[in-house]
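With the hints as extra help, turn the sequences into a complete structure.
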Amino acid sequence: MPDHLRPNSFDAVAARARCRRYRRRILEISQQVSALHIASAFSCTEIVDCLYHALMRPAPAGGRSPDTFVMSKGHGCMIQYVILEELGVLSRRDMDLYCKAGGILGCHPDYGNPGIEASTGSLGHGLSMAVGMAYAEKARGGGGTIHAVLSDGEVQEGSTWEAVLMASSLGTPNLVAVIDNNDFQSLGRTSRTHPSFYPLVEKFQAFGWEAAEVDGHDSAAIFEAVSGRDRKRPFMLIGKTTKGKGVSYMENVPIWHYRSPNRQEFETALKELEAEA
Amino acid sequence: MRNAFSEALYECAKADPDVFIVVADISPAGSMGKFQTEYPERFLNVGVAEQSMIGICAGLALKGCRPFAYTIATFSLYRPFEMVRDDLCYQNLPVTVVGMGAGVVYSTLGGTHHTMEDVAVASAIPNMQVLSPCDPLETAAAVRYCASQTRGPVYLRLGKAGEPVLTANAVDPFEVGRLRTLRRGSDVCILSYGPILKLGLDLADRLEREGRSVSVASVHTLKPLDREGIAAALTRHRRVLVIEEHVPHGGLGSRVKEIAWDIQAPCRLTCHSLRDEFIHLYGTTDELLEAHGLGLEALHAAVDR
Numbered sequence: 618m619p620d621h622l623r624p625n626s627f628d629a630v631a632a633r634a635r636c637r638r639y640r641r642r643i644l645e646i647s648q649q650v651s652a653l654h655i656a657s658a659f660s661c662t663e664i665v666d667c668l669y670h671a672l673m674r675p676a677p678a679g680g681r682s683p684d685t686f687v688m689s690k691g692h693g694c695m696i697q698y699v700i701l702e703e704l705g706v707l708s709r710r711d712m713d714l715y716c717k718a719g720g721i722l723g724c725h726p727d728y729g730n731p732g733i734e735a736s737t738g739s740l741g742h743g744l745s746m747a748v749g750m751a752y753a754e755k756a757r758g759g760g761g762t763i764h765a766v767l768s769d770g771e772v773q774e775g776s777t778w779e780a781v782l783m784a785s786s787l788g789t790p791n792l793v794a795v796i797d798n799n800d801f802q803s804l805g806r807t808s809r810t811h812p813s814f815y816p817l818v819e820k821f822q823a824f825g826w827e828a829a830e831v832d833g834h835d836s837a838a839i840f841e842a843v844s845g846r847d848r849k850r851p852f853m854l855i856g857k858t859t860k861g862k863g864v865s866y867m868e869n870v871p872i873w874h875y876r877s878p879n880r881q882e883f884e885t886a887l888k889e890l891e892a893e894a
Numbered sequence: 252m253r254n255a256f257s258e259a260l261y262e263c264a265k266a267d268p269d270v271f272i273v274v275a276d277i278s279p280a281g282s283m284g285k286f287q288t289e290y291p292e293r294f295l296n297v298g299v300a301e302q303s304m305i306g307i308c309a310g311l312a313l314k315g316c317r318p319f320a321y322t323i324a325t326f327s328l329y330r331p332f333e334m335v336r337d338d339l340c341y342q343n344l345p346v347t348v349v350g351m352g353a354g355v356v357y358s359t360l361g362g363t364h365h366t367m368e369d370v371a372v373a374s375a376i377p378n379m380q381v382l383s384p385c386d387p388l389e390t391a392a393a394v395r396y397c398a399s400q401t402r403g404p405v406y407l408r409l410g411k412a413g414e415p416v417l418t419a420n421a422v423d424p425f426e427v428g429r430l431r432t433l434r435r436g437s438d439v440c441i442l443s444y445g446p447i448l449k450l451g452l453d454l455a456d457r458l459e460r461e462g463r464s465v466s467v468a469s470v471h472t473l474k475p476l477d478r479e480g481i482a483a484a485l486t487r488h489r490r491v492l493v494i495e496e497h498v499p500h501g502g503l504g505s506r507v508k509e510i511a512w513d514i515q516a517p518c519r520l521t522c523h524s525l526r527d528e529f530i531h532l533y534g535t536t537d538e539l540l541e542a543h544g545l546g547l548e549a550l551h552a553a554v555d556r
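Line by line, the protein sequences give chains A and B. In my numbering, each residue carries its 1-based index in the first sequence increased by 617. In my numbering, each residue carries its 1-based index in the second sequence increased by 251.
These aren't lab readings, by the way, just hints derived from the structure by calculation. Certain hints may be false.
Listed next, the stretches of chain A that the computed footprint assigns to chain B, with coverage defined by at least 3 CB atoms under 8 Å from CB atoms of chain B [unchecked claim]: (1) 770 to 780; (2) 841 to 855.
Which chain A residues stay away from chain B? Per the calculated CB distances, all over 10 Å, these [claimed, not checked]: (3) ALA735; (4) GLU754; (5) GLU830.
Every residue, glycine too, gets a C-beta built ideally from N, C-alpha and C.
See the structure below:
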């Protein structure tokens, strides 16, 4: 990468501290409810953090960012919620009432809630919506970039491939998609259940996208890959991730897709996060 | 209807830069060429990819556009059903899903191309509005409504091509959400929607020649349904017939019966629809309809039976 394109606004130490804080906050919330897709959120923590804090342009005071975030893997939205809470978009009260009567937040993003740009939850919807948004920005001269985070599971949906084909055919250079490739789905490791799922980068390249693969927990690598894209085509980043990242007993253990830790598990998880610091 | 749709949409697009059309490898004829030439950035063809057609329309609407998704009705509503439900209705976006060639218009293409239960399916989804104009004039009026409204999604059920004008001398103007009286009588009332309304008018002509006084109404807005207008029709006539190119359940007939029960309507009411059966016949649309009891003779015989 030429020096003048090398990112200079990215602070890896700050990103690490933020991600640790977000995981801790998610663990705290886990103690209020029985289920919150904790491992799915930990899997994409660095990806979503990097998009919000380093890649999307910040919102002006009292306004909205010119860029858009779509959590296509809706079940991972807890990481989005804690970031929106820290940004002051969601309130402490919203978070306290997560999944409770009188609250506005559930296990999947709901359009109309503060900071939520699209309703997701059913897989295979987000990328088409992101393509439509990117095209609208382009056609109307809005200048915004659309960022979508996909699960690897939803790349099995035929509708995702319809969107992949259309994004490059329409020419949407303002579309950035990131796949949280933790290689896990409900019934096992994708590499075992669907070996033909791989390789991924070549598949997207063959469809006319620029594509790259990085360690999805390496914030600096995510930042460099996305900010260094050629901006002539839609860009797909495959983030190799670990489901449940950050808490040893959750990593790659399917039950943590959904359930919340008990008190003792919670304490253990907090200690592990602190130890990592 | 197709030409009326194209012309009206072209005019809307000319006046409003937020009007887009997203087609799935099927394009309306007529003025669509003009639209495509003059506003190429607002004419998108996703190819044979109806799920992304709906998702892309949702994305456009989320950024402030008012797109039309256009293909044959079975493919615009059934194929991407969950996208219609989640992306458009759950998010309540002003996107018009155009179901072209609905009913049994494609009379030689077989059951894969018949749209016999779309009113039931579309009406079942919260936030969805359902419009079914009966002729080219109502089609143009419906397009103008869809292109300007921001209330939420619309399923716009259309026929194909060559439908005659039926509403040039209508008693009432076209108003979304209101039953539209085309002719006013006092004895028999025929409620219908879509191109099959022509059959209702033919029946009315015949009954009038026999000395009866007949009302005919276009119930072009199936959702939200004009309950008061239907209640009034059920109260003011001794005999009411519903004629629809749709299966018996979930369409206009079952809704009118519901209202009739609620108000304890004093009239005699019968509903004439397609049967709850797939159609394995080939021929003209009229022949298919007749096979399901939707012919002039059968309906005429039913009036006083």
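Taking the hints in turn, this is what the structure says about them:
no. : hint       : result
1   : 770 to 780 : holds (count 4)
2   : 841 to 855 : violated (count 0)
3   : ALA735     : 6 Å, violated
4   : GLU754     : 6 Å, violated
5   : GLU830     : 24 Å, holds
Checked against the numbered hints listed earlier, the structure breaks hints 2, 3, 4; every other hint is satisfied.
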